[in-house]
Every structure is written in structure tokens, then in C-alpha cells.
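Protein chains in written order, with my numbering: chain A, 1 to 296; chain B, 297 to 842; chain C, 843 to 1092.
Honestly, I wouldn't trust all of these hints.
Unchecked claim - Partner residues are not named here, just some residues of chain B that face chain C (Cβ under 10 angstroms, in silico):
| hint | residue |
| --- | --- |
| 1 | Val313 |
| 2 | Arg317 |
| 3 | Arg329 |
| 4 | Leu332 |
| 5 | Val336 |
| 6 | Trp339 |
| 7 | Lys514 |
| 8 | Asn522 |
| 9 | Glu550 |
What the hints assert, rightly or not - Cross-link-like lysine-lysine pairs, in silico, PhoX-like; alpha carbons within 25 angstroms at most:
| hint | chain 1 | residue 1 | chain 2 | residue 2 |
| --- | --- | --- | --- | --- |
| 10 | B | Lys326 | C | Lys1081 |
| 11 | A | Lys15 | A | Lys4 |
| 12 | B | Lys744 | A | Lys108 |
| 13 | A | Lys199 | C | Lys1081 |
| 14 | C | Lys864 | C | Lys1036 |
| 15 | B | Lys441 | A | Lys15 |
What the hints assert, rightly or not - Label pairs and their in silico Cβ distance ranges:
| hint | chain 1 | residue 1 | chain 2 | residue 2 | range |
| --- | --- | --- | --- | --- | --- |
| 16 | B | Ser732 | A | Ser16 | 57 to 63 angstroms |
| 17 | A | Lys15 | B | Ala755 | 55 to 61 angstroms |
| 18 | A | Ile280 | B | Ala735 | 33 to 39 angstroms |
| 19 | A | Ile280 | B | Tyr351 | 49 to 55 angstroms |
| 20 | B | Ala755 | A | Asn2 | 31 to 37 angstroms |
| 21 | B | Leu832 | A | Lys139 | 54 to 60 angstroms |
| 22 | B | Glu497 | A | Ile52 | 28 to 34 angstroms |
| 23 | B | Thr665 | A | Ala53 | 47 to 53 angstroms |
| 24 | A | Lys139 | B | Leu337 | 24 to 30 angstroms |
| 25 | B | Val336 | A | Ser64 | 51 to 57 angstroms |
Hints in this document: simulated from the structure, not taken from any laboratory. Ideal Cβ positions, reconstructed from N, Cα and C, are used throughout, including at glycine.
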Amino acid sequence: MNMKKKILQRSRKEKSVEIILLLCALVSVISVLFISFFIFQKGLPLFRTVTIAEFLLGTNWSPSSQTNPQFGILPFIAGSVYITLSSLLLAVPIGIMTAVFMAEIASKKAAEVMRSVVQLLAGIPSVIYGFFGVIVISKFIRETFGGSGYSMLSGAIILAIMVLPTIINITEVTLTSLPKKIKEGSLSLGATRWQTILKVQLPAAKSGIIAGIVLGMGRALGETMAVLMVAGNAPIMPKGPLSMVRTLTMNIVTDMGYASGDHMTALFSTSIVLFLFILILNISVNIIKGNPEEIQ
Amino acid sequence: MSIINLPAIDSSIDRLVEIERQKSNTNYEKAKRRNLAANVLLWGSAALTLGILLYILGFILYRGFRSDNIIESDFIDSSGISVPLDWHDGDSVLIVNDKTRLKEINLRDLESLLNGKPDNWGNINSQDLDVLPYMLSSAKGEFGKNTTYRESPSEIVSSVASQPGALGLIPASFLSLTENKDINIIPVKMLSVGVNPSVLEIENNIKLRYIDRKILRKILRGELTNWQEAAGRDMPVRLVLPPPGSFEWDALIEIAGVSSEELAQSAVGTSSFDEFYSKINSTPGAFGMIRNDRAEENNIKLLSYRYRQTGANLQWWFLFEEPKRAGRVGGISTIVLNTIYMVLLTVLFSTPIGIGAAVYLTEYAKQGTLVKMLRLGTETLAGIPSIIFGLFGFIVFVGAMHMGIGLLSGTLTLTLMILPTIIRTSEEAIKGVPRSFSAGSLALGAGKWQTIYKVVLPAAAPGILTGVILAIGRAVGETAALLFTMGFDYRAVKNLSTSARVLSTHLYQLVKEGISFDRAFATATILIFIVLFVNLVSTRLIKRKY
Amino acid sequence: MRSKLSIKELDFYYGDFKALHKVSMEIEPNKVTALIGPSGCGKSTLLKTLNRMNDLVAGSVVDGTVLYDGDDIYGKYDIIQLRKKIGMVFQSPNPFAMSIYDNIAYGPRIHGIKNKKVLDRIVEKSLRQAAIWEEIKNRLKGPALGLSGGQQQRLCIARVLAVEPDVILMDEPTSALDPVSTSRIEDLIDELKKEYTIIIVTHNMQQAGRISDSTAFFLNGYLEEMGATEKIFFNPDSKKTEDYISGKFG
Chain A
1 MNMKKKILQR
11 SRKEKSVEII
21 LLLCALVSVI
31 SVLFISFFIF
41 QKGLPLFRTV
51 TIAEFLLGTN
61 WSPSSQTNPQ
71 FGILPFIAGS
81 VYITLSSLLL
91 AVPIGIMTAV
101 FMAEIASKKA
111 AEVMRSVVQL
121 LAGIPSVIYG
131 FFGVIVISKF
141 IRETFGGSGY
151 SMLSGAIILA
161 IMVLPTIINI
171 TEVTLTSLPK
181 KIKEGSLSLG
191 ATRWQTILKV
201 QLPAAKSGII
211 AGIVLGMGRA
221 LGETMAVLMV
231 AGNAPIMPKG
241 PLSMVRTLTM
251 NIVTDMGYAS
261 GDHMTALFST
271 SIVLFLFILI
281 LNISVNIIKG
291 NPEEIQ
Chain B
297 MSIINLPAID
307 SSIDRLVEIE
317 RQKSNTNYEK
327 AKRRNLAANV
337 LLWGSAALTL
347 GILLYILGFI
357 LYRGFRSDNI
367 IESDFIDSSG
377 ISVPLDWHDG
387 DSVLIVNDKT
397 RLKEINLRDL
407 ESLLNGKPDN
417 WGNINSQDLD
427 VLPYMLSSAK
437 GEFGKNTTYR
447 ESPSEIVSSV
457 ASQPGALGLI
467 PASFLSLTEN
477 KDINIIPVKM
487 LSVGVNPSVL
497 EIENNIKLRY
507 IDRKILRKIL
517 RGELTNWQEA
527 AGRDMPVRLV
537 LPPPGSFEWD
547 ALIEIAGVSS
557 EELAQSAVGT
567 SSFDEFYSKI
577 NSTPGAFGMI
587 RNDRAEENNI
597 KLLSYRYRQT
607 GANLQWWFLF
617 EEPKRAGRVG
627 GISTIVLNTI
637 YMVLLTVLFS
647 TPIGIGAAVY
657 LTEYAKQGTL
667 VKMLRLGTET
677 LAGIPSIIFG
687 LFGFIVFVGA
697 MHMGIGLLSG
707 TLTLTLMILP
717 TIIRTSEEAI
727 KGVPRSFSAG
737 SLALGAGKWQ
747 TIYKVVLPAA
757 APGILTGVIL
767 AIGRAVGETA
777 ALLFTMGFDY
787 RAVKNLSTSA
797 RVLSTHLYQL
807 VKEGISFDRA
817 FATATILIFI
827 VLFVNLVSTR
837 LIKRKY
Chain C
843 MRSKLSIKEL
853 DFYYGDFKAL
863 HKVSMEIEPN
873 KVTALIGPSG
883 CGKSTLLKTL
893 NRMNDLVAGS
903 VVDGTVLYDG
913 DDIYGKYDII
923 QLRKKIGMVF
933 QSPNPFAMSI
943 YDNIAYGPRI
953 HGIKNKKVLD
963 RIVEKSLRQA
973 AIWEEIKNRL
983 KGPALGLSGG
993 QQQRLCIARV
1003 LAVEPDVILM
1013 DEPTSALDPV
1023 STSRIEDLID
1033 ELKKEYTIII
1043 VTHNMQQAGR
1053 ISDSTAFFLN
1063 GYLEEMGATE
1073 KIFFNPDSKK
1083 TEDYISGKFG
């Protein structure tokens, strides 16, 4: 009898432990749901006064005007897109080649060193990247091309450095996880290493590399501090690599301190756009990763 | 029957094949050259990546430990220990208590200190100390009301030696008194570059903005005879020499580095100060080294002087002194303390939840929609930009839950941010524990949770710890999520709802407000050290595990 | 007859581990030579030294000489040229993730042949030689990874043939295949030896007996015995060879 009671007690305890653990596991899901819910709840009311088209395609951002407030965020969408794409333009070739070096060329020791390098680059806080950008990169741009130095180009360079680790990491992991026999097959036909890398290994690692690039894109798009410090933050349509830009994230962070009313709502609407961008990127990473081409 | 069954021989194509094959036997050199070029490219990329890291780290650490700034000022960077001041007969020596961090001072700052404005060292050397001037009683009444007068130089020395923040002027003839380890003799910069107003006029959009030591020397030696050569207007340089034997004369000879015969041929000599000042004012293109405090009374225009100032930057006191005036003065002790509180609280909140979630995912959950959903949730959470976490914290913790901007709101926001890192690494760690461990325990009749708690989790501890440490690294560096949740108060937090500035937000403020690059570098250096430490520890832990 | 490959006093190390001890052997042209022996005896290692695929293994050291048509392949011999001349078929089929046509054309293309007509011809000829043309001629643009295991392995053989090698090394080419595919490949090997010199590593004693002209038996990194296949199988000199052939170990 006593034994039975004990077992019953224990199973009740096991059950409650399981429920507590489940609750822990649910925290992230619930957070995601809450985050989405609150951002939409705070941001959607803007569209009672402004149409979605006016919001997304308007180029005039003067939210605190007393007479005729304007909430066009096209300049920020354009700023985010331009700055992200140009940072990838810089980071992708260097990132892929560095990853190829680590996976194919480097000795074990050199690859180990490079892995620490990449890990460190990933670990440097964005505010330090921003500071470095202010001191070094903006200065370089100012002295080379003139102007204030706070520009899209400065932002893109800093972002390129920041997304480099993401691209290198994923590309390297994908390359090293490719079956060795593919490489051997090519080399045994008399191909050079480079031919093997270019024609066989990189194509086979395509989906992983693309996933890495998309992840990097997400990181660049969501980055706030570094671009805030170097990109100039002017709420106008970007005109070229040397013009000051404001991205979606910068728009949120710049006005948040003092905004109120519709202005505040518009910042949350801005974050909806950012959130949707990121969500789309995340989903595409999942699709790409879940569908690795027949590498075997 | 042969299985090799070639179609009707088309001799023209086979001949072509043969020719191409022959060619291909000789042209593999091209492939090899390409391979070599590619190798260069690959090595180059890796070197670039390495170079970027080393440059960033090296640059910040260098400037963190060594202040290295280009300064434009009215004063020439040449200072003397014995200085001819009107407050004493003959030369004077400035002494300060050695708790005051001061290497040199210029005459204008010294005068304002003696006049009691400011009455705090902050503006001069960023140190939060009261200014306590001591003077000989013969100068009674000439200075500010916080100046104390003493009868003899030795009394001044002992007063200065006993109080941090104290400074005093004693006659240079009493220099031997200063052999006291509690006081330091501080050199005073007195000289400026005085020019005839014509030198500073704009001509063809060109205006002389400053000169540096190199140009100064050239002028003194007569190697530079037209202001054009110093980026000024087209006008001859006329060096006006101070009366021989004066303080200015001696300083000039020292800077020129040549004997008085070798000074500029065209130099205009003077025999009295009145003549000296009037020559400068009346001669077009005139130039003279004058005492800064005499410029105004003699109506002489000053030219900026540019020099490089180097010295130690980050030192221990920076970590242990309290910040004052938004970090302009003092160190960052309270900010470090706030950072530690933030890390501890964040770890306290996130670790149990993270490990619990990882245990559930690895040990309890059955594969299916629920697990897929949980994983998707974690992955999505990991991808959300920190600014959105900040917004969420702002609406929910600060607003809806009435916690206000403060430590608790900030750490809860961070907790959500770093949760995915902890869950993922803990999951890996738990999966890495051999099944035989838990099987052994279960076979002994231990319950599932008991087994996990007593066997699996201890075995997975190093891996979990790695995750926690990586998460700490992320939390310490985070800025955007804290801007609207944790606030910027640089005083030590008193309770959970006190606004708190941490290292990352402090760095941002220093840069944004342009407070001080030296201080920004010092703060960034500390952040870099934390990042290096986190990386070192986590890689060590990972290595030990395998 | 002059040897195609002559191996003299070959030592091979993986780091500290010595995998081959003073191996000397002669490979005759247009013959099938089988390398047999228990796992870890060094037969695959020897095969890989013949087209220097062992160069890929970090810490490997070769001592001794391998002469191919009289030239030392570890001397000044160009490695690309060598691998072109001495092709290799691997244990499990390893077609690239591209079309059948591109797989076969890969070798000629990397060696600089661009002419479409020439490539077409080479692809067709190689696939016919590998006895797979009839089965796949209608889906040359289809993915190579969509073929069955046996077809993939013949495709890999065709891929080697497309660069017109002189010697073909086969590392247990049928170990991952079903019996029907295996027998097709064995027929193919028999046909190919008219034009090529073939060295095959196999675990399958019957296979060695069926297809090889001479056989070399390896044990613990030593070449225990080599000779005509019939002699090795029915009248070996070494007791160990006899034990292995009769299935007492291995």
C-alpha cells in the first residue's frame, strides 16, 4: 500500500515537473506571439489616419508637424534596403572566400585561428562597431570623398564587417559538411583545387551559402546602433553612396525618446514593416535550410 | 558481342576530338595559373578578415590605453618649471598634491583655479576634487575667496602635501622644499604665438588657421620666410625677437634649438617689452612668441598652435572612481557596478527558463507539431532585431506592467533576447550526454526528473555554462534594446526600478554627446576585454568538453 | 613486356603510423591486377599512392619510388597530368550534383575542351564504353543523382573514361552495389582491359578470381605475395595467403 502511494506521489511530481518545463519551453513562443501582437496593436491604428500606401510609399516624414503631419517611410525602407544590399555586396565575396580558405586551403591550425577570429568578430558589440565607424570609417570617407563622412557608404562598410562572421560561419560549416568523395571525384579527374571548389564544391554548398547570406541580410537589416552612429540619419530619400540615410531601425530609435500621439504610433508602424521584413527572411532561411539540394 | 558499340565512325568529328585532346594536353598550365591566382585571392580574403579584426581591436585597445590626440590651443606645448609670475618676486614654482592627476597646466587654467572659478578640478583634469589654492600672505586679497594664505613657503608645502586637490605657488628659490613625496611640481605653459593682424586676414579664400612646432621652428631659424609656406596668405614672415635675457627669449632659443646667431636673418630685435609688443602690432607679417597673459593688455592677436598630445589613458582609477557630470568627470565605477547587476539579474532570469526549455525539448517533448512550434518560436525569437525587443520591453515592461524605465525592465528585455542562445547551447549540451548515463540511473529506479536533475544536467554543465557565458557576452554588448527600457542614470542603482546606465549605453552616450573620445576609448577597451574574456572562457570550456 | 607501373620499396606513413612497408611490385599493361587482403592491410592506401590522392591526407609521407611508364610520379611529374592519365573510381558512386551530360563533360571541360560537338562526341563515346548509353541516352540533361546506384557507378566510370586515361584505379567499386549491378560492372571491367590497365581493390575473393589476371595479397602493410591470379588462388607460396584465400581469417 505504502509503495503504491509512493509511486503515485512520484508520478504526480513527475507530472508537475513536466508542466513547469513545458512552461519554460513556451516562453519563447509566447514572447514571439506577444511581441507580434503588441507591435501590431500599437502600430496598426495609424492606418485610421493614413492609408497604407501613403505610409509605405510616401517620401515625406514630418510626423510632428502641427498643421499637416506626414508619415511617409519610403526613404527609410529605401535606406534599409540600399544599406543592407551594399553591405552584402562587400561582405559576400570576402565572406565566401574566407570560408573557402578555412575549409579547403588552411592547415588545421590556421583554420582554428580563423575560427577564433570569426567568433571574436561576431562577439564585438555593435556599439563598438559604431564607435569604430565614427572614428575610423567616417573619417576615411570624409577625407577620401569629402562631405561629412556620415553616409550610406560608411554604414554599409560597418555592416559588411558585422555580417561577415554570419556568412563565413555558415558557408564554412556547409563546405566542411559536404561529403569528401565529391571533392575526391573532381581531383582524381585532374581538376585543380580551384576548379574543384568553383565547379563542384560551391555549387553543392549553394543552399547553405544562400541561407548564410539571408541570415546576414537579417542581421544587417535589424542592426541599429552601428548604423545609427555612422550613417547620418537624415530623413530624406538616399541619393547615393555618400548621402546620409536613415534606416527603419534608425527611425524608430531616433524619435522614440520624444514622440507622442500619431507620431509614436507611426514608429510602431515602422517596426511592423521591419518585423515583417525580418519574418520573411527568417521563413526563407527555414525553407532554404529545410530543402538542402541532393548533396547526399 | 562487344558491349562497346560505337556508332558509325564519323571521322571528321573523331579527328576534331583528337585535335582538341592534343591541345588539352598542353594547356593545363592555364588552369594552374588560375589556381594560383585563386589561392592568392583566398589567402587575401582570410588575411583581410584577420586584418579587420586586428585593426579594430588594436585601434581601440591602443587608444584605450594611450590617449593620442591632436590639440589646437592658444598655448605652445613647451612648459617651464620656474615661471616668472607677477604674484611673487622672481620665478615661481607650482606645486600640487600628488593625488591630483596633473602633468602640466596652462597659465589661463592656473589663473582661473587660483581665482576659485571653477572650484572643482573636473574641468581641468576630469577629477572630482575641490580646488584648494595656497598662496603666500604677501599676495593676500589678490585671489578668489577659497584661497588660503600662509606665511612661509614651507607652510604652503605642508598644507598642499596634506590635502588632495590642494595647489600652491612658492618662490623658485625654495625649490629644495619640494622634495616631498606627497607633492608634485607642475610645469606651466605660458607662451602663445602672437601675430600682426594682417597675418590672419583672408586672402583668396585662404586663412591661416594654425601653425605647428615644425613651422614654428622653421620660422625661428629663418627657413620659412613667407606665410604661404605655412598655408597662409602671400606675405613675408617678420620674426620679432623679445628683449634678450627675458623669459620669452630663453624659451625661444630653446625651441629654435640653435644659438642666437643662427636665428632668422630678417628677425627684428627689440630691447624692451613695449618695443616688442608694438613692433608685432605695427609690422605686417610680424610674428612673436609672447606670454599668453600679456596678449590681451597689449592688444595682440593670437594664432592657434596645433600639437599632438599623448599620454596614458585607461588606468585603474577609471574603474574605481564614481562618474560625475554625465561621465565627463571621474571614472565609471557605478557604471561597472550597474553592468554587473544587469548581468547577474539577466542570468538569474534566463538560465532556469532556458535550461528548463532545453530539458523539455530534449527529454520530454514528443516529436510533433508542438516541438516544431517550440523550435520555430525559439528560432524566430533569435532572429528578431534588438530594437524590436526594446520596443516590446518599452510597451510591456515599462508601460503595461508599470515597472518604469529601470533595471528590471531592462534585464527582462535582455532575458528574452538571450533566451534562444541559452536554449540552443543547453540543448546541444544535453544531447551530448551519453544515453548510458541516464539509462544507468533509470535502471536503478530513479525517476525521470531525478535522473535529469542528478545525472544529465551535471554532465551537461560545461556545455550549459558555455551558453550562459556567450549569453553574458551578448547581454553586456547590447545597447539598442536598453535605450528605452533601462535608461541612462549613471549613478549606482538603488533598487530594481532605478534607471541604470551600463557600459554599452555609456559608450553610446559618450560618443553621441561628444563628451570625450579618450573616455569612450577607455570604456570601449573595457567592453573589448569582457568580449575577449567571454570568448576565451567559452572556447576553453568547449575544448575541455571534447 | 614492359611494366605500366613499377613500385619500388614504397613506404607510406599516416603521421606516426606506417601503413606500407617496402612494397615493390610491377603492374603489367592491359591487365587487371587485383589487390586483396583484410581490412587495414594497406591495399587501398597503395591504390591511392598511385595517383597521389593520398596528397589530400594531412601528415602523409611517401618514401620510395613509383614509376609510371618509366617516370617517377613523386618526382617532377605534373600532378594534373598524372591524375588525367591514372583515373580513379571510388568505393561508393560520387557523381556531382549536375546533369548526366555535365558529369561526363566535366573532365574534358576542366582540361580546356569547349567545342560543343567534341564534347557531345566524348560524352557519347564514354557512356557507350561504360555500357550505360542505351539506358540513359534520352535523359542526358537529367540529374545524375537521379540514377540508381549501379548506374551511378557506371556513370563514374564513364566520367573517368572521358578524360582518356591510361590506367584506371578502382577502389572496391562494387561494394555498395547489388549483385546485378556488380556483374554488369565486372563485365565492363573485362571489356575495358583491352584498352586500359586496371588495378582493382576488392574485398570479394570471387570477384578477384573472376576478373583479375594477377593478384597481390597484402597483410599488415606488407605485400605478402603477388602472382598470376590462378597461382595465388590455387597454389600460393605463402601459408598466410592460403589461409586468407581459404577464409581462415580476414
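Results for each hint:
no.: 1; hint: Val313; in the structure: holds (5 angstroms)
no.: 2; hint: Arg317; in the structure: holds (6 angstroms)
no.: 3; hint: Arg329; in the structure: violated (12 angstroms)
no.: 4; hint: Leu332; in the structure: violated (13 angstroms)
no.: 5; hint: Val336; in the structure: violated (19 angstroms)
no.: 6; hint: Trp339; in the structure: violated (18 angstroms)
no.: 7; hint: Lys514; in the structure: violated (61 angstroms)
no.: 8; hint: Asn522; in the structure: violated (67 angstroms)
no.: 9; hint: Glu550; in the structure: violated (65 angstroms)
no.: 10; hint: Lys326(B) with Lys1081(C); in the structure: violated (53 angstroms)
no.: 11; hint: Lys15(A) with Lys4(A); in the structure: holds (16 angstroms)
no.: 12; hint: Lys744(B) with Lys108(A); in the structure: violated (41 angstroms)
no.: 13; hint: Lys199(A) with Lys1081(C); in the structure: violated (50 angstroms)
no.: 14; hint: Lys864(C) with Lys1036(C); in the structure: violated (31 angstroms)
no.: 15; hint: Lys441(B) with Lys15(A); in the structure: violated (77 angstroms)
no.: 16; hint: Ser732(B) with Ser16(A): 57 to 63 angstroms; in the structure: violated (28 angstroms)
no.: 17; hint: Lys15(A) with Ala755(B): 55 to 61 angstroms; in the structure: violated (25 angstroms)
no.: 18; hint: Ile280(A) with Ala735(B): 33 to 39 angstroms; in the structure: violated (44 angstroms)
no.: 19; hint: Ile280(A) with Tyr351(B): 49 to 55 angstroms; in the structure: violated (35 angstroms)
no.: 20; hint: Ala755(B) with Asn2(A): 31 to 37 angstroms; in the structure: holds (33 angstroms)
no.: 21; hint: Leu832(B) with Lys139(A): 54 to 60 angstroms; in the structure: violated (31 angstroms)
no.: 22; hint: Glu497(B) with Ile52(A): 28 to 34 angstroms; in the structure: violated (60 angstroms)
no.: 23; hint: Thr665(B) with Ala53(A): 47 to 53 angstroms; in the structure: violated (37 angstroms)
no.: 24; hint: Lys139(A) with Leu337(B): 24 to 30 angstroms; in the structure: holds (29 angstroms)
no.: 25; hint: Val336(B) with Ser64(A): 51 to 57 angstroms; in the structure: holds (55 angstroms)
Figure legend: structure checked against the earlier numbered hints; hints not met, in rising order: 3, 4, 5, 6, 7, 8, 9, 10, 12, 13, 14, 15, 16, 17, 18, 19, 21, 22 and 23.
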